[in-house]
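Please arrange chain L on chain X, whose structure you already have, making use of the hints.
Which chain is which? The protein sequence lines are X and L, in order.
If you're matching positions, the first sequence starts at 1 in the numbering used here and goes up one per residue.
If you're matching positions, the second sequence starts at 1 in the numbering used here and goes up one per residue.
Since the hints were derived computationally from the structure, they do not count as laboratory data.
Since the model is a prediction, treat every value here as computed from it, not as a measurement.
The reader is advised that the hints may include incorrect statements.
Sample of chain L residues with no beta-carbon within 10 Å of chain X, all distances over it, derived [as the list claims (entries may be wrong)]: (1) Val66; (2) Val93; (3) Leu161; (4) Phe162; (5) Gln193; (6) Gln198; (7) Phe214; (8) Ile221; (9) Leu233; (10) Gly248.
So the derived label-pair ranges between C-beta atoms look like this [to be verified]: (11) X:Ser9 x L:Ile123: 31 to 41 Å; (12) L:Glu195 x X:Gly96: 50 to 60 Å; (13) L:Leu29 x X:Ser9: 37 to 47 Å; (14) X:Ala218 x L:Ser11: 55 to 65 Å; (15) L:Phe181 x X:Arg103: 13 to 23 Å; (16) X:Ile62 x L:Val66: 21 to 31 Å; (17) X:Thr12 x L:Ala90: 30 to 40 Å; (18) L:Ala135 x X:Glu112: 14 to 24 Å.
The beta-carbon is built from N, C-alpha and C at its ideal position, and this holds for glycine as well.
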Amino acid sequence: MLLLVAAFSLSTRLLTVELQQAAGAPTKSMLVLLLGDSRRLFANHFFIKADEYFHAGYYPSIFDQAAVAQKGGGSAVATGAVTGDAHAGEVEWMHGPKDWIDRFSRNFFPSEHVHLDAADHDHDGDGVQDHGAEAHDNHDHDGDGKADHAATAHDDHDHAVQPASEGSQLREILPWLRIAAELDPNRIETYVTGSYWLRKRMDRVAEAEEFLRDGLRANPKSCALTYELARIYDEHHHNVARARNLYQLALRYWEASERLAPEPDHFILSQMLAQLAMLERREGQTQRAVFLLRELKKISPNPDGVEKLIQEVLAEAKPPGNP
Amino acid sequence: MNANNVLAISSIVIKELYRRKDFYVLFILTVLITALAGSANFFNDARIVGWLKELSLTLIWLASLVIAINTAARQIPAERESRTIFPLLAKPVTRADVIVGKFLGCWLACGLALVVFYVFFGIVVSTKGGSVWVADYVLALWLHWMMLAMVIALSLLGSLLFTSVAANVTICFVIVVGILFVGFHLGKVAQQQAEPVQSIMLVLYNVVPQFGFFDTRQKLIHGSHLALVPVLLATLYAWAYAAVFLGGGWLAFRRKALN
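Pulled out of the complex, with its shape left as it was, chain L reads as follows:
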């Protein structure tokens, strides 16, 4: 794998993101909804900020998932459809370079988008007189970005397994949101099932990427602090899963006919 090739491919992906309208539309929508909600008056108390934090962070999470999954899902199918994949691979670029370059580009682009979203979130909170510890704020942003690494790698893998972009986007979205909602509870539900369902559920519980480790919204909203060591461990967890998905993607891409 050549680092220069990877960086060159990733820079093209970043340029593509800021040329497309997805991010701008989602950002403006987030700003509008948050601003509208922020103008609501509850019992003449202007310092109520918790519900606005919740709304804003939910919108940011939704927008970031949409951007990450959509951007990653169409990278390789678009190259194949427009046939630009042939001149790309005719150069001294390996299929691993393409996969890693696409992943890195999407991940960095999502990181940039996240920074913009979180700056907006910080402005909203401070405008309403609320407080967010900068360290927690940075750690939450970092964890969110780490989770997107897994999501992007999963979406890239899906783009090589499923025939259409729409199917891949839908399946990835269902998987990610499903794990976010029930991932931590699979173990409890498994205990109430009979065999062999119990064993299957317990395997799933331990094998699926637990995106909930990266969802620190409740900590940010209610002002409880994040510790550094768990964040570092979660980072390693995210990188491991991203590597597994990218490895799977590379294997699928290696065997895939391009035409």
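Only chain X is shown next, with the shape it has when bound in the complex:
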């Protein structure tokens, strides 16, 4: 009886929508019709699911997530896509067991903090993580406890990551990202995250590009998606002219959408400026590279580091023997 009532209610709703569409109203997908705005909640759930899979099931429950959020913890799979370091900003949520139930229960669910991208920490390639998350956050690649290079905040934090092996479980995050994108096509983070893991860690550039283009169809003037597409042309297709155009387009989109915003997203702007400056430097366009780096210096949390980079670029441009 309940099913009958539900079916009848749904059919009357769909009929109304059908009539509206016939009258010229814009068409909506079946998911939008059935779920309405609640689909964004589901999209968020599935995006978190991708992060849970990235941690091989080691993930805080809703009862722990509030504490993690208070400490400023975020999604590793999304942070990894933006900064190149999945450990950045992670907060450890599981501490020592509080009672016997807590202790005993840990035998029955994944209770060890792991990441599917074990390659992040396996610098000698023996399949064993060479250092923990903390060392990684401090940029300590030789394990001596000291940072090996000055972190220029997020200006150019892109480690030389290796694609995952054929047997890698990283692919398991993909269905959740795809479902999240289907449910909420306006969530930019989903496309950027999916594209990063596809192109950087799975060496599947074509799929990454297709996913990004899906995102751009739904969000035509997104600077983050345009920037991500530019990186594909820059780093994978090595199509300098197209990459440059796309970087510049991304900068224009940023200007249009963020410049007058109450809190402009300087993080993405700094990434765009840094990448375009590096492209111009490689192409010998010193003046252009220096101009972009000076723009970057204005918003960078590490202006000294950027100034050093500017001096390096200028020194490269000077002919030898001419001080």
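Coordinates of chain L only, in the frame set by chain X:
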């Protein structure tokens, strides 16, 4: 208690399960949904299997709970309604025999259903190129079955306390699913409450059967291994709770008027 009586009653329950359509409907539904989901293509990668494991195991858990609760909940009310309880108890069969026989029958029947479901799960995973360690697979199936022992005993107890089968089924389902979702977190939530709510919640946390000990889906999905000793301890835990519920059921049944 007579073992022959118990076995005779339990064999009738098993026959009843495979004559009824519940199991077949739920199994076919699980197969159809899993097959449909398995045909989805994500980024042209046919080896993605994790989400299918998750979906399949969730359906298996749901189906097994529905079968266990429904089967156990209607055993004694059906006997009373059709008045077959009178000739049954007129024989040299005690009320304890009936309770234990019904429990054993439901439990074994659910065990058979679980084996079919897990074989299907294994086929799905291997077809998609995924791997499940046989030892983990067997231990997960065992723990699942042990949890159903508690659920069936709880449902039998409920069938003697509540007046209608529907009420019993609904209450059992809410209790089991509720404990599965929040059981492990009651302790954390209790810490944030003022007295006396804190003490009440802490007592509940320690007293309710923690069905989460038997939910190893995440281990199976993500390929982390199960250790034997915790599984054995969890088995003892399940038997203890099942015995408590059956004891409660027997006490309730002993005092219950049959007409």
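These are the hints, each one checked on the structure:
1. Val66: 16 Å, holds
2. Val93: 39 Å, holds
3. Leu161: 26 Å, holds
4. Phe162: 21 Å, holds
5. Gln193: Holds: least Cβ distance 13 Å, greater than 10 Å.
6. Gln198: Answer for L:Gln198: holds, closest chain X Cβ roughly 14 Å.
7. Phe214: Check fails; 7 Å does not lie beyond 10 Å.
8. Ile221: 7 Å, violated
9. Leu233: 7 Å, violated
10. Gly248: Since the minimum Cβ distance to chain X is about 22 Å, L:Gly248 lies beyond 10 Å and the statement holds.
11. X:Ser9 x L:Ile123: 31 to 41 Å: Once the Cβ atoms are compared, 38 Å apart, the range 31 to 41 Å for L:Ile123 and X:Ser9 holds.
12. L:Glu195 x X:Gly96: 50 to 60 Å: 25 Å, violated
13. L:Leu29 x X:Ser9: 37 to 47 Å: Violated: the Cβ-Cβ distance is about 23 Å, outside 37 to 47 Å.
14. X:Ala218 x L:Ser11: 55 to 65 Å: At 60 Å between Cβs, range holds.
15. L:Phe181 x X:Arg103: 13 to 23 Å: Between L:Phe181 and X:Arg103, where Cβ atoms are some 20 Å apart, the hint holds.
16. X:Ile62 x L:Val66: 21 to 31 Å: The hint (21 to 31 Å, Cβ to Cβ) holds, given that X:Ile62 and L:Val66 are roughly 25 Å apart.
17. X:Thr12 x L:Ala90: 30 to 40 Å: 56 Å, violated
18. L:Ala135 x X:Glu112: 14 to 24 Å: 19 Å, holds
Of the numbered hints given earlier, the model fails hints 7, 8, 9, 12, 13 and 17; all others are met.
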